[in-house]
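Put together the whole structure using the sequences plus the hints.
Each protein sequence line maps, in turn, to chains V and Y.
First residue of the first sequence: 1, per the working numbering; consecutive thereafter.
First residue of the second sequence: 1, per the working numbering; consecutive thereafter.
Since the hints were derived computationally from the structure, they do not count as laboratory data.
There's no promise every hint is true.
To be verified - Just the calculated beta-carbon pair ranges, DEER-fashion:
no. : chain 1 : residue 1 : chain 2 : residue 2 : range
1   : V       : 96        : Y       : 822       : 28 to 34 Å
2   : Y       : 513       : V       : 96        : 28 to 34 Å
3   : Y       : 456       : V       : 145       : 25 to 31 Å
4   : V       : 24        : Y       : 544       : 34 to 40 Å
5   : V       : 97        : Y       : 479       : 21 to 27 Å
Glycine residues also receive a C-beta, built at the ideal position from the N, C-alpha and C atoms.
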Amino acid sequence: MPFDARRWPVWRQVTGKDLLGLGRTATSTLTEGRTARTATADRVATSICPYCAVGCGQLVYVRDGEVTQIEGDPASPLSRGRLCPKGAASRELVNSPLRELKVKYRPPHGSSWEEISLDSAMDMIADRVIATRDATFEEVDEKGRPLRRTMGIASLGGATIDNEENYLWRKLMVGLGVVQVENQARI
Amino acid sequence: MGSNMAECHPVAFQWVVEAQKRGGKLVHVDPRFTRTSALADLHIPLRAGSDIAFLGGLIHYVLEKQRYFRDYMVNYTNAATIIDERFLDTEDLDGFFSGWNEDQGVYENRTWQYRGGSVWAAAGQRTAPPPQGDGVVVAGEVPFEDPSLEDPHCVFQLLRRHFSRYTEEMVERACGVPAAQFRRLAELICDSSGPERSTCFVYAVGWTQHTVGVQYIRTAAILQLLLGNMGRPGGGILALRGHANIQGATDIATLFDVLPGYLPMPMASDSTDLDGFCRPHGGAAGGYWGNLKAYLVSLLKAYWGDAATPDNQFAFDHLPRLTGDHSTYQSTLGMVDGTVKGFFVLGENPAVGSAHGTLHRRGLRNLDWLVVRDLYEIETASFWYDSPEVAAGEVRSEEIGTEVFLLPAAAHTEKDGSFTNTQRLLQWHQRAIDPAGDRRSELWFAYWLGRRIRAKLEGQHRDRDRPLLDLTWGYPLEGEQQEPQAEAVLREISGVAADGSQLPGLGALRDDGSTSSGTWIYCGAFAGGQNQAARRRPHWEQSWVAPEWGWAWPMNRRVLYNRASADPSGRPWSERKRYLAWDPEQGRWTGPDVPDFPVDRAPTYKPPPGASAENSLPGDRPFVMQADGRGWLFAPSGLLDGPFPTHYEPQESPTRNPLYEQEANPARQRFLRPDNPYHPTAGEEGADRFPFVMTTYRLTEHHTAGGMSRFLARLSQLQPEMFCEVSPELAELRHLRHGGWATIVTARASIEARVLVTARVTPLRVQGRQVHQVGLPYHWGSRGLVRGDSANDLFPLVLDPNVHIQEVKAATCDIRPGRRADQPPS
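What follows is the structure, given as structure tokens:
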């Protein structure tokens, strides 16, 4: 395309009504041909920012089964559409190539990660829980009072996951007699 | 105070700026000048670890200048209540209250009780000593009070005396804050409180991460009650929490000492009889906790369903028992000592995120097995081949026997569920896409792990497995991955009646087994069969309180104790600060919020004889969770380290306690063992080896210990490197060069960081000497796109006795120029 000085953004900015260059003069032929990812999404899910506890509203745009954009939700009375640098980066949080996709397993004294199936991992973990619980189970204390617990297993975490997940996890731990269940509330 | 809101909670900070535009004043009291200070009308630097002396100074000012909101204070707080005359104050015992047991290192709180009555606390250590002689369990009215506030044993007089030496001169000595600056703030707060105005306090972990953290909050609570700033619009003490669901995880509850809804977890020493357990835990007290049994039985029904019957005390014996503190740091020591053998870590990173990282990593190395569930391979998963100890050659991978499972987790966009934000607001997030590969939600993991273990144990018919096998575990499964339905779990949490209908709210809960609710404070979150947390009516379509966005516990109340926004007769304290008011014609409380009070309870209500729980509180007692319905200036129960807050020095301090012979909180939790050394404190031999105060903090561009930010390119580019913040004076003293390296040294670890020389951490004059402070962000570790040493490695384990939170906001250190000695070749 031959150079046309009248299409040059600075020329249009100076000669037009957009002196600060915040409106249409900021566009070029190239950018005018582009479409926002928010416009081409198949659907939008309503969501909440996963970082701090302010709880800013998010809109998650999906196309072809992929999260293509995450924006602040203007309808939220808390955040009014705004996100901080972390919230604005949350598309990368969920799409990063550094994110783990497969189970990694390190045997005792091993020198590298090994790949095992999710099904095997779940079965092995269930076996470990049963074995450790049985080996360390305390029915009663030294005065004969009931304890019904194991002190051989501990759990940590909960502040980054959902209420429903915390509830179900604690319920399982109570059933198993695992009392050392803790989360980030103390850090 | 104790928060850098503009930096750490920037989107919420827009409301502070809005308030400033309308004439509000922002004061930032913080050791460092930060982004919050930059926008504040007044910034007051103080020595890290001296906030109780500062707030105590404000209380002293309010009392001596008689600037308290008298009508509010006399009616709505326990100012007039008479305390047992055997009570002795820290002024009498030079830093101790009566009841100290030197041998056991704990307080016995019998002498802290109300005269003639024992009082159960709404939070914390809930039990109270049984009443003595003619004493009663307080439910509503208290046995003795003096509304003239002149009795020397009334709370008001005890409070005056307790804080009598917290003068502006003392504030200057203890905190390094000049008296004139302090006075300016005191006048501003008083002028901004009362019927026409309100002041609120915002804090974060700058207040909690101390050996007296709970008492920091208590000091602010006393001040706010004196000034009438609780339960009123624009008032309160607002905690800014750091994780998306830290509030929900606390409520629901992945904490060892509470069951969902802050129900106490039974101890082995408690009665095995359900009634015998409920009564001493507040079940006989006034206020809503008087319904403890209904809340607990409803939880037991949610857990164990048909297996929880009146005949077996609703399976109360299925609950495991505690025998002491089983908090996370105890578990870590259990790993080091070999008693804890298996460890689940769900979205947390203790290898760099908790105090004394060296000790945590040692614990991880000593486990039989470890399950880490996270989005990324964080330090807690990689400790066996990538850690400071492995890098330094202290341990080799092959020597580490821990079996490690790293299971990829689903992100918030890949699952349905609710987060509870820092103001108790449940908000639902939708599953936008299914998780790929082996990624799964924690809901999936909990459900399927439970199902597998149950299947393996079912045939064995062992008594110990009954609590597990009796759990209700029938959740509908969805999709290819057989994901449990999150809404079905929320329905269980909210609760159902015997006929299966969703309960409207916590008032419907019964102690006869006819109702089930997994978390009584969340009861009503699924009222009417609707997911109330998923409501998203735009703010422009509703009132400024926005009650139709999400759902706040309890009962969608947005301002707690909002009955206090009206005077005892039910009229607003002022039109300007109108919120709730009693409408005598309708016979109900009206306003833009849900009343935090029985809606049809008249201000003139007097409890009939024998009334219990909330019905035992008169109609002019707004603090409905308290046994006497009043805000506590004096806390007779609930706290393990005193009924009043007292200034104590941190475990490690550069100065001696200017107020008492007793240096630090006598009830703090210490761990005296060789792998957890403490520095000598001021006045002790060797204290000058660690002459500076260090404090940790956060940056906008990173999240806590970095597990959700260091792996992201954009955030890593914005804050690429660990640094330490020092003043020009300290830089000169220690020959530190801006942009160069420094090594920060403690008895626990040495870490290196780039030097940021700035006037933002100004040295303070404290007790006649200059105190330098070192600021340390704690976002880094050995993994991710940007790496650096972990500030948490520097700190010892020393905890607040009430909540077992570590002291990482004030300790001592040395700082030297250059990199650490064991720096690997780059």
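These are the hints, each one checked on the structure:
1. V:96 - Y:822: 28 to 34 Å: holds (31 Å)
2. Y:513 - V:96: 28 to 34 Å: violated (49 Å)
3. Y:456 - V:145: 25 to 31 Å: Since residue 456 of chain Y and residue 145 of chain V have Cβ atoms about 29 Å apart, the given range 25 to 31 Å holds.
4. V:24 - Y:544: 34 to 40 Å: holds (36 Å)
5. V:97 - Y:479: 21 to 27 Å: holds (25 Å)
When each numbered hint is compared with the structure, a violation occurs for hint 2 only.
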